[in-house]
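Protein chains: 4
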Amino acid sequence: MQGKMMIKVGIVGGTGYTGVELLRLLATHPNVQLEAVTSRKEDGMPVADMYPSLRGRVSLAFSVPEKARLTDCDVVFFATPHGVAMAQTPELLEAGVKVIDLAADFRLQDTAVFEKWYKLAHSCPELLKEAVYGLPELNREAIKGARIIGNPGCYPTTMQLGLAPLLKADVVDASHLIADCKSGVSGAGRKAEVAMLFSEASDNFKAYGVSGHRHSPETLEQLGKLTDKKVGLLFTPHLVPMIRGMHSTIYARLTKDIDNATLQTLFEDAYKNEPFVDVMPFGSHPETRSTRSSNMLRIALHRPNDGDTVVVLVVQDNLVKGSAGQAVQCMNLMFGLEETTGLMHVPVLP
Amino acid sequence: MQGKMMIKVGIVGGTGYTGVELLRLLATHPNVQLEAVTSRKEDGMPVADMYPSLRGRVSLAFSVPEKARLTDCDVVFFATPHGVAMAQTPELLEAGVKVIDLAADFRLQDTAVFEKWYKLAHSCPELLKEAVYGLPELNREAIKGARIIGNPGCYPTTMQLGLAPLLKADVVDASHLIADCKSGVSGAGRKAEVAMLFSEASDNFKAYGVSGHRHSPETLEQLGKLTDKKVGLLFTPHLVPMIRGMHSTIYARLTKDIDNATLQTLFEDAYKNEPFVDVMPFGSHPETRSTRSSNMLRIALHRPNDGDTVVVLVVQDNLVKGSAGQAVQCMNLMFGLEETTGLMHVPVLP
Amino acid sequence: MQGKMMIKVGIVGGTGYTGVELLRLLATHPNVQLEAVTSRKEDGMPVADMYPSLRGRVSLAFSVPEKARLTDCDVVFFATPHGVAMAQTPELLEAGVKVIDLAADFRLQDTAVFEKWYKLAHSCPELLKEAVYGLPELNREAIKGARIIGNPGCYPTTMQLGLAPLLKADVVDASHLIADCKSGVSGAGRKAEVAMLFSEASDNFKAYGVSGHRHSPETLEQLGKLTDKKVGLLFTPHLVPMIRGMHSTIYARLTKDIDNATLQTLFEDAYKNEPFVDVMPFGSHPETRSTRSSNMLRIALHRPNDGDTVVVLVVQDNLVKGSAGQAVQCMNLMFGLEETTGLMHVPVLP
Amino acid sequence: MQGKMMIKVGIVGGTGYTGVELLRLLATHPNVQLEAVTSRKEDGMPVADMYPSLRGRVSLAFSVPEKARLTDCDVVFFATPHGVAMAQTPELLEAGVKVIDLAADFRLQDTAVFEKWYKLAHSCPELLKEAVYGLPELNREAIKGARIIGNPGCYPTTMQLGLAPLLKADVVDASHLIADCKSGVSGAGRKAEVAMLFSEASDNFKAYGVSGHRHSPETLEQLGKLTDKKVGLLFTPHLVPMIRGMHSTIYARLTKDIDNATLQTLFEDAYKNEPFVDVMPFGSHPETRSTRSSNMLRIALHRPNDGDTVVVLVVQDNLVKGSAGQAVQCMNLMFGLEETTGLMHVPVLP
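Residue numbers (full-length UniProt numbering), protein chains in the order written: chain A, 1 to 350; chain B, 1 to 350; chain C, 1 to 350; chain D, 1 to 350.
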């Protein structure tokens, strides 16, 4: 009997929430062998000392990048602040290592836009051209052959999957889309910040970045590929007092006379073979918890008062389909594995 | 020295959240003497046994309506399910008692609309005509002379105060307004319902009633008074895992060429004398907790990407300005008191 | 190649939290074939309509017990109110079906005690004698051969595993044990109850049942098997505003001169081969979330001020190791499977 | 008519939770004139810009201490880290200003103990002798005449008020008291710390400092004044996922044959004239939310299984009776005001 494929995996920046989520998913992935988890600050500390949930499941210690021998890996995930991945990617590629960046370094093709929103000069614009945007439902074939993946932002994942069928079918006014989005607090990461303290964020609700947010240009760039119309998007993020979960409420004005059944069919057809997109019955109200800790994204359509606006509700776990899970889904595609491998967790409800 | 005015107050239905919130506010109101709190189920039980927060502060016991001698009161608040107030109001009015209904019986002038949305025949349509919609900022003079107040719904309060300056100035497209609203769970009341259990509603976020909600017709009726244009409103309520607080994100397309400073001035002028409406600096992100347990409502304006859409953010405590506090504000006006009497609580933050 | 063993499983009462948790665990168990999920009220409703988290994962519909053909199953789990399992168990046993009751019907050997605490006459006291208490760490061999399992209560699991090494080694005063225990709200089940509403239980903390709780007699009966001393236990449950998780803080006075290293060794030796009990380093503070959604239970010891009292901290997920997970662990043992089969979920943190 | 007394108040360190809570309470105190709120980092920033809840209610800006002219105040509150108050107190006293320190600088009489637990040398041990421990229920007369108040810690307030009647009556074994205490997260202050992030502290429960906590020596010192027996206290703090609220579960072994009614009378007599201590009926389960945002502390007694252990349940709002409210209560006493002035808020429930 031939041995099964084992992918040697490195993680750069394993101390944040996307890092520990990657560890949770990869610890039970049947084709993954964890080789290294890097952290500048925690060199030598067993990963399970920082995250007791991993006691007995991950025996690695954090190591500084210099010791981590990432070039021996088959793939390296970057769960780091923006700017780290682009600095290390050229050397990894040269060593034959594939790269999946969970931050924004490889999401935007336009470096001017990148530099405007992230306040960083892009250090390897020539690699940007071959970087692939890691949204399998819209980009599967390119992902399979990619060496570099720019893993989508959490909000953009919901906006694109919620709008794609409408834009492709050219049935809505693309110039005045509204996405009113709500995210759990883990989306802000594991940084010590007063605004994200329990006593600030609990029992509270607020919008933020209403006048402009980094996920707008990324979403606009991708939505633009789905239609030849000019895309205008008003994106309003809000902070919800829950750990995980994202809910996007998307408003689009119909430009064609189209009935609800046809709208529903547009979505069902678009996603009928997708293992991680669930189109619920027309008029449903998906709850974020129905996707908690899983890679599922759920969509439901509404047509209030049978008017000219379609409302698309989209939910996902921001740390899984919105980040680490999607990254593993890309890895599966890149290495020829069944796309769902290691990702079939049943959502934890309640 | 002349004694100060003491208003004899009765509360029908004191066991729900709006009831206990009325009790909290009235217990320290300097011109109120609590006469009776009725409950069919809890006859004889001291109010403070059900709500230990009131121990030592409210000495009344619940009594069945028959014993409560409500006709001896100066004003009776109904903190009851829809339909109760209209049944008892005629007798109270006849006895010279004023009525403030926190439910929907006197909110809608159109009985057909009422009956469609509340599935109840209206039992005193002739009284509807004299009922006054209790939103002081838009209706102050009428409230002063009213015998019957239909206290506004929580969502409608935010939508009206967030939209009024724009509609009055006729600067937005009234036919395609969108209000994406988020409410704390206390808005659902103190009914034993599975969907409102902690283990269901916590760490979760969802929309509900997207295809149609009772607060739409109420808001439409009132907004219609502010403009001669046809008003179209898409109202999407969501449930937030927090006890109190309401956040409305309102989208309106500008029809005039108007700069941000002028927009801001519209709002500041509209509310400059209002003790309970705070217009924050342009581009602010109000948090619901900044109004917690107080009668304040805060508003902030945004103009994303300097585009043609203005975004109005409105926050309030749904149980205070969204319900019991607004009712007390109306009572103050009806009895010639300073409007802020008993309502100057500083919000509890954190 | 020989086919792997497939166990035909029925669940009686699949609409509560222990029911849906069983479904979550069993849906990915490699040796389980779900045959029936019963519900009197929801006959015909697809399970995934009530629990959208199971969409695409569980295709069964609820059925009334009469149609469910439970006698064709290999094992039936009862996730029902107390009293249901004992009524149906005799018929199931006769048909050769094994029974695992997640309620209390088969936990107590003393029917008088059962009847006092549960206010129910026991309908099959003769079966009680062969019923096995389903705590694998203390009762593994008996479970392997059992036809009827009384699955332990959530609190008793933590108290027994936290005290067993101390009682067996006879180093503490067994007559004055104190267990100050804290549970997430899901422990109260999915009943529509005012006290468990989000707006009641959130941002709040309280004790309950301080003067006496059903889990005391169960724990006393089991602890009594570990020592020949008289056992006295003061058990104080509290309600924590979180969905899942249980934390027991146990106080025991040492009767022997014993150092901390020896205490620690007592626990490490006791659990060194246990896949689901993690003895953390002396002086650790385990968090409930480090076990969330997994079958792990973690223990840490403290000796404040080097005094004569040892403090044992125990955490688990009340719905997994405290209920459904433990039941599946028992099933694995009863059917000769590897004990950890289908139970190796990495805890979801954050 | 003579003008009412106005106390000129300064606050040092107004940016933390005890600071903003002082501001909330003092903003509506009828005898207080806020003179200065200091902050080294936020000099010039309006207080209401940091805390929008105070918009329109507090018009002061933060100022650096040098500009704040604290010596012109009648009283200065220190809502600062440990060590700040003792550095500034000598100068203030000399200028005739009274000092109320909400931190620990003046809580402990024994400087060696202070230095051991707070890792700071005490800079004015000679002032310690005249400092008064600010727990009015046990120390009222001394507070009235004090120039320096060491405001009690939050946990110690509950432990002392829960144990005082038992120790004074000499009916329990003082050498083995256990206090299992639970606090909301605001007790940790408004510091940017990973462990207090929403995504860490929410949906989670843990103990901390089990092997030793600063509030032990303070409590021991004070309890020692109530009895001539040697006091031994095992104090175990826990972190609850709620913003405000503290619940202490206290266990004491009875040394006298005493019935429950007598126990209850001990407490009722001890606190019958106390405006902020509520002794609930025997066997009650006080909830933290019944004190939320108010200065009330509630106590209830239990005697499980009619055994030899009495369980005392104590709840309070850790930021009010556990900190800022208690400080204002002391101020009222020091300036000859009615003790309840400005402190009669009805708890916010729900």
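Calculated from the structure, these hints are not laboratory results.
Hints are supplied without guarantee of correctness; some may be wrong.
No copy labels: a pair is met if it fits in one copy or bridges any two.
Below are the BS3-like pairs computed for lysine-lysine, each with C-alpha atoms no more than 27 angstroms apart in a straight line [claimed, not checked]:
(1) Lys-119 - Lys-4
(2) Lys-4 - Lys-144
(3) Lys-67 - Lys-191
(4) Lys-229 - Lys-256
(5) Lys-129 - Lys-8
(6) Lys-191 - Lys-4
(7) Lys-4 - Lys-272
(8) Lys-191 - Lys-41
(9) Lys-256 - Lys-129
(10) Lys-168 - Lys-8
(11) Lys-168 - Lys-144
(12) Lys-4 - Lys-225
For each hint, the structure was consulted:
Taking CA atoms no more than 27 angstroms apart as the test, Lys-119 paired with Lys-4 passes in neither setting, with 44 angstroms inside one copy and 57 angstroms between copies. Only within a single protomer do Lys-4 and Lys-144 lie at most 27 angstroms apart by alpha-carbon distance; the minimum there is 19 angstroms, versus 34 angstroms between protomers. For the identical chains of this complex, Lys-67 and Lys-191 are intra-copy neighbours only, at 25 angstroms inside a copy versus 34 angstroms across copies, given an alpha-carbon limit of 27 angstroms. For the identical chains of this complex, Lys-229 and Lys-256 are neighbours both inside a copy (15 angstroms) and across copies (25 angstroms), given an alpha-carbon limit of 27 angstroms.
For the homomeric pair Lys-129 and Lys-8, the shortest alpha-carbon distance inside one copy (26 angstroms) is at most 27 angstroms, but the shortest distance between copies (54 angstroms) is not. In this assembly of identical chains, Lys-191 and Lys-4 lie within 27 angstroms of each other by CA distance neither inside one copy nor across copies; the values are 38 angstroms within and 47 angstroms between. In this assembly of identical chains, Lys-4 and Lys-272 lie within 27 angstroms of each other by CA distance neither inside one copy nor across copies; the values are 30 angstroms within and 31 angstroms between. In this homomeric assembly, Lys-191 and Lys-41 come within 27 angstroms of each other (Cα to Cα) both inside a single copy, at 14 angstroms, and across copies, at 21 angstroms.
When the C-alpha separation of Lys-256 and Lys-129 is checked against a cutoff of 27 angstroms, the pair qualifies neither within a copy, at 36 angstroms, nor between copies, at 42 angstroms. Taking the closest pair of Cα atoms, Lys-168 and Lys-8 never come within 27 angstroms of each other, the shortest separation being 38 angstroms inside a single copy and 46 angstroms across copies. Taking the shortest alpha-carbon separations for Lys-168 and Lys-144, only the intra-copy value of 23 angstroms comes in at or below 27 angstroms, while the best inter-copy value is 56 angstroms. Neither within a single protomer nor between protomers do Lys-4 and Lys-225 lie at most 27 angstroms apart by alpha-carbon distance, with minima of 38 angstroms and 48 angstroms respectively.
Of the numbered hints listed earlier, those contradicted by the structure are 1, 6, 7, 9, 10 and 12.
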